[in-house]
Amino acid sequence: MSEERTPQVPTEEGRQQTQEARGPALTPRGTPQAPPVRARAGDEIHPFPETAVGEGDVRNADAGPEAVRGTSLWSDAWRRLVRNKLAVFGMVVVGLIVVAVVVGPAIIKAATGYTYDYIPPDSKLVQSFPPFTAPDGTFSWAHPMGTDSAGRDMLARVLLGGRISLMVGIISTVVSLIIGISWGATAGYLGGKVDDVLMRIVDVLYAIPYMMIVIVLLAFFGAQSPLKQIFLLFAALGAVSWLTMARIVRGQIISLKNQEFVLAARAGGVSTAKIIFRHLVPNALGPVIVYATLTIPSVMLSEAFLSFLGLGVQAPYASWGSLAQDGIQNIAIFPWQLIFPGVTMALTLFSLNFLGDGLRDALDPQMRKF
Amino acid sequence: MSEQNGNLLSVKNLRTYFETEDGTVRAVDGISFDLKRGETLGIVGESGSGKSVTNLSIIRLIPSPPGKIVSGEVLFHGEDIMSLTQEEVRRIRGKRISMIFQDPMTSLNPFMRISKQLMEITELHLGHTREQAYEHAVKMLETVGIPEARARANDYPHEFSGGMRQRVMIAMALSCEPELLIADEPTTALDVTIQAQILELIRKLKEETGTSVILITHDLGVVAGMTDDIIVMYAGKIFEQAPTTELFAAPGNPYTKGLLKSVPDPADDEGAELYQIPGLPPDVAHLSPNQCPFAERCYRAEDICRREFPPFVQLNAEHFSLCHFAEEVYADSRAGRGDAPAGTTQGGDGR
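Order-wise, the sequence lines are chains A and B.
Each residue of the first sequence is one higher than the last, beginning at 1 in our numbering.
Each residue of the second sequence is one higher than the last, beginning at 1 in our numbering.
Ranges of calculated distance between the beta carbons of each label pair, as one might list FRET restraints:
#1 251/A / 210/B: 42 to 48 Å
#2 88/A / 19/B: 49 to 55 Å
#3 227/A / 130/B: 37 to 43 Å
#4 277/A / 130/B: 14 to 20 Å
#5 254/A / 302/B: 45 to 51 Å
#6 70/B / 206/A: 37 to 43 Å
#7 282/A / 130/B: 14 to 20 Å
#8 32/B / 206/A: 51 to 57 Å
#9 66/B / 103/A: 54 to 60 Å
By construction, these hints were calculated from the structure, which means they are not laboratory data.
Cβ atoms here follow ideal geometry from the backbone N, Cα and C, with glycine treated the same way.
Just chain A, with the same shape it has in the complex:
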């Protein structure tokens, strides 16, 4: 096995040469007289294969000097990610949509003067126009997605809807990350009774249909003002989506906590909280990132569902779900009012899922080989 990786190692001559090249064997203080040897092209980093642990440790001679710098886990994962066409597609689409919903409304306002809640004062204009159609029936750039039944520009509304939908997705995921990581890491690291109690709570919450909790929360506290309703939605969705995250993090922490570096940190007097959050959580980030990426679309879908039922985002604000709900009432006459928000949402959710799958493949140690 070692011969394959380091053909030149087993020879006695080679050992002597490398020994000479490394200078005197024992130079604990200061640097050796010869310039210290950083491996160059043609050099072995490890003269002895017994101490080599992985392909990162032993490099072949023609790899060139920059290979010696080594690749970090993240750059490795990135390399694998960009090789996955679907994941790149997902990344590009998500990127474009994020840019569009962030800067889009401002551009539309500057270009045409329309905003998501601008209702034309002229009562003749308060009606649904098809895409690219001026009030007199001729071609126009003013409303690329047409208008809704109140004469509001659909493009502006879809972009605002995207902004709110993505915000719900991201903020709820962050909420679930914070709760889930703290909860799961605490349970996993402390173990014993603490673990039992914390995880039984998770089990109980799992048993309750989460939509029910959200609907009850929204029905109880909601509808004071449209803006408050949105924040309630963030909190409610975040509060129910941390359960799986807690389980994932707990599993990771349990598999990590018996590693020697944790013992070494404890032997160094590092406190429990620091061990959990500085040593263990960063090591568990791979699966957490993957799951978070996949949580965003699922939360967005829940939000759309709630808004579609009329429990989520309220007018004048819009989300893709509430736009679809508006659109479905007139689907036979004004199909674009459903199609545009629907297609945009579907595209975004697809892309996020592709990206999540790609990340999982890229960060999964089992997939290292490709």
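With chain A fixed as given, assemble chain B onto it according to the hints.
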């Protein structure tokens, strides 16, 4: 600081048990020893003899449950570590007593830069600012012989080789200038040349800083050149305790004799079978308290060994042995007799 007759560390009758489904495992069962300032103590023994548990018990790092320190005192500067609060123990760990672990591949956090890991300890214990801690980290890396320490301080552990990682561990362990360094098989995971370098480094740094060292190993060759005293452990008990030269010259316990004989000798005839102690270490969960734990594997065993627990015999001022026939074995060793335990030499019957 109150010190008892120059002892830095006094372990008295330490017992650490693990509650398992299979019964109570008496991993450490009544260990006592003293360590003087600046001295090196070697603890040797087979796998599972309780070496590591002893030392984890000293700084209270036994995983609990299932582990439990049942009784005993660990006096560090005359202060019983067992009676301290968690917070007080944390302040001792890493600062006054630090540890080096067996496997340098896994004892560094793969997600933290080397400098960060070194800085964490000094920021914690010495109250260093980030800059001070960083400079200290670089200085420590230079001390342990990492070439281009400044350039490499910000590398990740995977960019270091095994020997270099163990050097980093040593740097970390010594960065607060501890009074006691516990090295738990520091060279087991390294190849022989690196082993020699690491041991030399520990010895040199020990001389420079005056740190006391407890060196745990199952390699007699490692302790021979490094230690002042040796404790031989078996089944959670101290089987023999003696100054290093004395122990090698005149072992007073059949088990120690077996261990010494198991060390391969280059002078042996080519093709000669290597000696081994017959049998396997006992299951410490089901060990009768009324017999010698080593009786089943011992060449010298007689009926009494299976009936009574052996006494801890004092052979001379500093030499103790746990054996019914300690004095006889000791006398044999001194006379150069009884070197070859009858029946089990070179033979395959023990397997």
